[in-house]
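Student: Starting from the structure of chain H, add chain B where the hints point.
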Amino acid sequence: MRKSKLLILFLLGMFFLAFQVVERALFSVPKNWPKPAYDFKKNPLSKEKILLGRVLFYDPILSQDNSISCASCHSVYTAFTHVDHNLSHGINDRIGTRNSPALMNLAWHKNFMWDGAINHLDMQALAPISHPDEMGENIQQVVEKLNASTLYKQLFFAAYQDSLATGENTLKAISQFMLTLVSSNSKYDSVMRGTSKFTEQEKSGYVLFKKNCSACHAEPLFTNLEFRNNGLPIDTNLKDFGRMRITQNASDSLKFKVPTLRNLEFSYPYMHDGRFKKLKDVLYHYTHLVQTEPNLDKELKTPIQLDSKQQTDLTAFLLTLTDKSFLFNKDFAYPREILKSN
Amino acid sequence: MYWVQTKFRVVMLLFFALTSSVSIAQVTTQISIFPRWHDQSLQANTWLPLVQTDSIQITQLRFYVSNLSLFYKGRKVWSEPNSFHLLDLLEPSSFNLSLQLPQNIEYDALQFNVGIDSATSVSGAMGGDLDPTKGMYWTWQSGYINFKLEALTARQNQELVYHIGGYQAPYNTLQEIQVRFEPNSDAKIYLQLDKFFEDMDCSKINHVMSPNASAMQLARLLPNLFLIGK
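Quick note, the sequences are listed as chains H and B, same order. For reference, each letter of the first sequence is one residue, going 1 to 342 in my numbering. For reference, each letter of the second sequence is one residue, going 1 to 230 in my numbering.
Looking at chain H on its own, in the form it has when it is part of the complex (with noise of 0.2 Å):
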């Protein structure tokens, strides 16, 4: 009796042992990194719904008239930004009212936007979808046009073992997809890990970092994940309050989600409106153009000083957050074998 308990036991141990190696292979949580907030458990991954989110994520089927795609404003190889406009473009040409940011680390965001007004990545995808000034679609026509696709058909079967799109299915799939694109492999993250050294230059770079910048863009994420103001004038014409819009509180007005700085080299322009092209502008921000009103953070209300030499070490310790084999991961890339046209 004691020995097929233990056996049992053994079993069922070897079983879940199986599941965890799976689970590792398709998302791990790198050493030292916090907890997710995402809730795995809510939608486990696997090989099929990741590549059924990665075809949604790169298939113009999402918008109205078939012609925009996530992809198309958060590119693979520009870190999931929109790279040559500042507001992004969404069908027939509308430009909306804010720069689309970089996509990475998802797994540890609470909230989604730059004012927060999402508050699950799983909801993420509404948003895009249904905006007139971006893909102008809304998801009940979405999922009826991937309900009459023969692909679609057969992904959504591999995924799910029933081939009937739901909205559900639909949007954790494209989670699961959104949940792979871990960033963790940059010059920065080596040296953490001991297998790296910075150099003299970087070395001082990362101690300016930490002096002025970390408060808010914390490591390892890059981000405190929260809704700060940095000091930036309001543009006039786009009048964008940020958080203030969603929880209607005067404290939050002109609070933006701290973005990662992690690729930044290959994220400009930057800031929600993409005002700054170059990391040049965002530095001459930090140190000349911070405006003092009631809300600016409290880290900010003493002017950051930086001389030109400590600008030129800031920003070489900045682009040691480059990750080129999270830019170049063949597995984010446009799903070639399976969606043919293009």
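Simulated from the structure, these hints should not be mistaken for laboratory data. All residues carry an ideal CB built from backbone N, CA and C; glycine is no exception.
Keeping only pairs whose Cα atoms sit at most 25 Å apart, straight-line, the calculated SDA-like set for lysine to any residue is:
#1 Lys298/H with Cys213/H
#2 Lys41/H with Gly127/B
#3 Lys153/H with Gly135/B
So the derived list for chain B, only partly shown, Cβ under 10 Å to chain H, looks like this:
#4 Ser121
#5 Val122
#6 Ser123
#7 Leu130
#8 Thr133
#9 Gln141
#10 Gly143
#11 Tyr171
#12 Ala213
Tutor: Coordinates of chain B only, in the frame set by chain H:
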């Protein structure tokens, strides 16, 4: 190896036998909500008298009923697992709620929420009546629309759009409703929609489409609409 499997099977069989014997003791009970306009049953897309001088047509009435539970003498005796129901005036059968109750249960009050609680609102994509394809999920900002009412008025020729939702303070619009009835009588619950327009001036508040103070004001009217019918 084989005997381990058989043993395991026996255990599983026992387990299923136990759980299914529990479900045998359950009975399906219908609790229905009757949408009403004054003393008539409410019809969509027909003119109805509004206050003294105007008439109104209800074009959409959809709302969530969730977290159903039954009480007896002030004590909770049953609550529905995974309890989310989307009621839609254009689909009358959605107003009949089939509850799986234990046999011989006694109850004298029904409690439910109109809307979706905040924990569920932040739990990501869900299926069934909560699937975002049901048209009850906001897209530009996360959250369910708890109560959706759209209508037209004749004289002022005005479109009324009330999408009442919001799950976060200070605009948490979820409403808890409790109706009491004679013990185990055939309960008829009325949704008296005319009362919604009694305590609110629809020429002043005519579009509510996000969580805000007006949504809160309208949400507070909802508990008064649910009454025990005669």
